[in-house]
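**Q** Each chain is listed here by its residues.
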Amino acid sequence: MGRDRTLPTVWAALVVLLAAGPFLPQWALSFVSVALYLGIVVLGMALLMRTGLVSFGQGLYYCLGAYAAGTLDHFYRISDLLLMAIAGALLAALVALVLGLLLAKYRDIFFAMLSLAFSMILYGLLVKTSVLGSTDGFGLSVKTFAGVVLGRHWVRYAIYAFAAVIAAVCAAAMHRYLDSHLGRLAGAVRDNELRVEYMGASVHRVIHLNYVIAAALAGVGGALMAATIGHVDPETTTNWTTSGEFVFIAIFSGTGSVLAPFLGASIFEAVRTFALERFPNTWQMALGVTMLLVIMFLPGGLWSMFRLSRRGA
Amino acid sequence: MIDGILYASWMFIIAVGLTLIYGVMKILNVAHGSLYALGAYTAAAFAGSWLGHGHAPVGSYGVLLVAGLVVGLIAGPLIERGLLRFMYGREEIVLVLVTYALFLILEDFTKLLFGVDPILVAAPYALLGNLQLGHLVYPVYSFVLVAVSILAGAALALVLKRTRQGKMLRAVIHDREMSMALGINVSRVYLVTFTAGAMLAALGGAITAPTTSVQPGIGAEVIVLAFAIVVVGGLGSLGGAALGALIVGLVRSAAVHYRPEVELFSVYVVMALVLIVRPKGLFAAPEARKI
Chain A
1 MGRDRTLPTV
11 WAALVVLLAA
21 GPFLPQWALS
31 FVSVALYLGI
41 VVLGMALLMR
51 TGLVSFGQGL
61 YYCLGAYAAG
71 TLDHFYRISD
81 LLLMAIAGAL
91 LAALVALVLG
101 LLLAKYRDIF
111 FAMLSLAFSM
121 ILYGLLVKTS
131 VLGSTDGFGL
141 SVKTFAGVVL
151 GRHWVRYAIY
161 AFAAVIAAVC
171 AAAMHRYLDS
181 HLGRLAGAVR
191 DNELRVEYMG
201 ASVHRVIHLN
211 YVIAAALAGV
221 GGALMAATIG
231 HVDPETTTNW
241 TTSGEFVFIA
251 IFSGTGSVLA
261 PFLGASIFEA
271 VRTFALERFP
281 NTWQMALGVT
291 MLLVIMFLPG
301 GLWSMFRLSR
311 RGA
Chain B
314 MIDGILYASW
324 MFIIAVGLTL
334 IYGVMKILNV
344 AHGSLYALGA
354 YTAAAFAGSW
364 LGHGHAPVGS
374 YGVLLVAGLV
384 VGLIAGPLIE
394 RGLLRFMYGR
404 EEIVLVLVTY
414 ALFLILEDFT
424 KLLFGVDPIL
434 VAAPYALLGN
444 LQLGHLVYPV
454 YSFVLVAVSI
464 LAGAALALVL
474 KRTRQGKMLR
484 AVIHDREMSM
494 ALGINVSRVY
504 LVTFTAGAML
514 AALGGAITAP
524 TTSVQPGIGA
534 EVIVLAFAIV
544 VVGGLGSLGG
554 AALGALIVGL
564 VRSAAVHYRP
574 EVELFSVYVV
584 MALVLIVRPK
594 GLFAAPEARK
604 I
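Those protein sequence lines, which keep their order, are chains A and B.
Each residue of the first sequence is one higher than the last, beginning at 1 in this note's numbering.
Each residue of the second sequence is one higher than the last, beginning at 314 in this note's numbering.
Just chain B, same shape as in the assembly (with noise of 0.2 Å):
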């Protein structure tokens, strides 16, 4: 049980930048794992040197949000402006590949970047030692990774329901065109989605770098569990990727506990079921049929 919430909380960063990139953009962005990868590396690198260098440890959990934040901050307006602004308009599928290419791409020049070998930062981990309950351990810092997930999900929640910028994306996610002509800067509004939803990526990925070891592929493992997550709760809906996670991450802890064998296809069998009984997932909301 709090195996899945630990893991649900975990998901849910990352979930849900790629469920408001797709909300705002209708971009299903596949270079989403190799965003929260780059962030991953960069964290452990940066962490890494940071106490190679003999600084307090305790710095390190700057570092590694800084690290996450910077990577977001400048990839993600990186991407839209370099590559996506040219895409707009094109059918929802060839959008797709184009973030495949990309994720092909930042693939390998992680790749390039950081080596092939698997980087390992454990101190911060292993720093906030043990937390007991009942007769199970658990690692403080898996305690703090949900508390910054959901102190994320709120923000943005928060952002998203008071501010006027916030007031303004939702316009542009009900209708794109009307809240043009209202005189709202869409591409603007899609520049900080983009890159909003490429800092939840990275943050995720580097909050998880001391908890196991970054190695090449952990892009593409991620990507598919998100896909996952964002298709059972609705795409584009903020609620539904926090339950989507929910419910995937007990489901897997489940299986984790009663019957190993069957993780990793868990997953998909809820999403395939969700689907089966709900198309648009559990959070869409009803759309008018075009003809």
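Next comes chain A alone, as it looks inside the complex (with noise of 0.2 Å):
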């Protein structure tokens, strides 16, 4: 084994994405802004994979962490990036907390039905809650950060590289955390659980542990969604083809890493903003085609493709 360099790589890389930051021409920010807070979102969705739970309702905690957002500027006249991100965040884990009382009793199909369920009613609720916009939602603009007040020219680079700190800072502890013993418990949930439960450890603790650290993650990403694009609406935050999106991702990119969230979310923005510029009618079909051959030949996501070259070296 050799030694462990996901640590430095995640400072390296923030370092760079710092420093590039103020030379990146505008599409090129908002790019990497998408990449980086699907991949906080990921990051969530990955450390359930681990504790052998795919949630289809992902989207319920994007979507909460966006609308808490989005009501801050909307209806308190805050818009402050660092209180939205934090706000998103409490509430998701808030309503996780609760929510993942009930879950944590479910496995494989029913814990992604029902938690497909929770996120499809509160689409409903949205849908239908004209104060919030129903189907089209509402817009917002983001103009401070911690009090500091953003020139007009700063705010994309501001949004840009708070994104990536979040990400460095939540892929760091993440990693430190399924080093940890509670994380290790995690993998071993998977595999055993009544063994875990022989150990004395608590099964359902870990998971609600868990599902509460995803949802969190998931309700930052969808507070840093709705400053980078400006504009929340249910359809692109809790239906659920965008909780399907985010499973997508994590096979896609695979849990071998913390760094694999943001590889795969990278790529498959890229397939996504390219297919959708090339052939605007098809984009679907070559996300699809990307998928299904992932999952035919690197069964355990792109990672698996640097493990395997390892090796061989």
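Do not take every clue at face value.
[Stated by the list, open to error] Below, in silico cross-link-like pairs of lysine-lysine (DSS-like), each with a Cα-Cα straight-line distance of 30 Å or less:
{"hint": "1", "chain 1": "A", "residue 1": "K128", "chain 2": "B", "residue 2": "K424"}
{"hint": "2", "chain 1": "A", "residue 1": "K105", "chain 2": "B", "residue 2": "K339"}
{"hint": "3", "chain 1": "B", "residue 1": "K339", "chain 2": "B", "residue 2": "K480"}
{"hint": "4", "chain 1": "B", "residue 1": "K339", "chain 2": "B", "residue 2": "K474"}
In case anyone wonders, no lab produced these hints; they're calculated from the structure.
Starting from the two chains in their separate frames, assemble the complex, guided by the hints.
**A** What follows is the structure, encoded as structure tokens:
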């Protein structure tokens, strides 16, 4: 086993991203921001998948985070990026704490289905709530960061940089967590719950905790999405197709490393952007084909490619 | 009430195919929604051209049915043999994703084939006229829908209970490996099952086509509803699908009637409630704990 180079890679990537930011054109800034917030959400998904659970309703927390950020600006005139992200994470974590009590009893397809049901309930609610813009949603804008007023030219960069910092911190923290006692229990729960119980650990609590963590990450991701796009609506946040996308990226990237979700999200976004531009009517087809190829030839996700090549060396 | 039953019978055709496939193959087929859409599009297109050529409008019913069944008959084996065959033995969740990928592909395939504009074929619908029930007016076509749905359900139940094929199928549901050992050709059973499920989905789409405008996105809408029904009834249970469709249908029409703003999510509230009270659905058989 070689030395673990995950953490240095995370910090190095952060420095590069921060330094390169001011020189990047607008489209590249948004592209990286999108990849980063998707990556953060998928980081949470990957944690659940390590625990052996696949949520088909992660859009629920993504949406809560986005709407938390949106309502702050829209109704309370608080346009602070930092506060938005905190609000998104807190709201998502709180809801997950409650729903987790229930969901932690479910496994496999039933876990997927119940989480799907919850996210569709929110979808149904939002579509009919005219105060929150029904199907159209509403727009928002970011003006300050932790009280500091951002100049017009700096807003994009600020969001980008903030997303990068959060992504790096989350990835590093997740890496530490997975290495800790509690984090290692996740894999054990997936492999054999009964034995975990025999050893005196609570399966229920492990699942509940990981569920809340995943939700908080999705909440932050959602808030960052709202800040980047400047608009929130139910269709692109909590409808099942969005949750499906997250599962898609998670499987696509694999759960081998905390870096995998970010790599997967970048490639996913690149394929989507490219396909949207080249064949606007068949971009979903391109995604579907990519997905099938990955499932067939790289069962461990993209990340398993690295492991294979390392073994060969 | 009657709205609920009409709605339920429509959903039943789709849900029953989904539950059949899950019961036998343990695949929660997301692509079911796109098969439904494909059926609806094909039926609408063919019925449209049938009427456009000045043939007798009565024949359009036959065109609808045949179009639906043929779509299933072609798409079913193609998907099963071409793709799913290689995936058996993977985790259930991975299979869900495979069909999700398939759903994305088929969705665009449908758009390529039929364009993105809505298709309207209302002639078969209008032709039958309306029926007066008390002081409410219902289109006769809706009752035809109910009849078709009951017929399909009954036929399926009969095949499963009475015929050799059906018995073999149930054996496979019960214990795949054991039935293999007894000499049942499991891979053929899978093929037949998936084709039957695909045909039901496409048929569901075909007979719905005249009642609405056929447009992109109908597949995505239908599939989550079908999920809800199948989960409420218990995955893989035929009776469960019927009961689930009835419950969801009634709840939804009650919601539409009394509080229209809760219509959409009432269905998912029911789904969540049932899952909370009976995690495996209303009709699911108990499962031994595996170590």
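**Q** Compare the structure with each hint and give your call.
**A** A quick look at each hint next to the structure:
1. A C-alpha spacing of about 29 Å is found between K128/A and K424/B, which places the hinted pair at or below 30 Å, so the restraint holds.
2. Using a Cα cut-off of 30 Å, the hinted pair K105/A and K339/B holds, with the two alpha carbons roughly 21 Å apart.
3. The hinted pair formed by K339/B and K480/B meets the criterion: a straight-line CA distance of about 18 Å does not exceed 30 Å.
4. Straight-line distance between C-alpha atoms of K339/B and K474/B comes to about 20 Å, which keeps the hinted pair within the 30 Å bound.
In this structure, none of the earlier numbered hints is contradicted; all agree with it.
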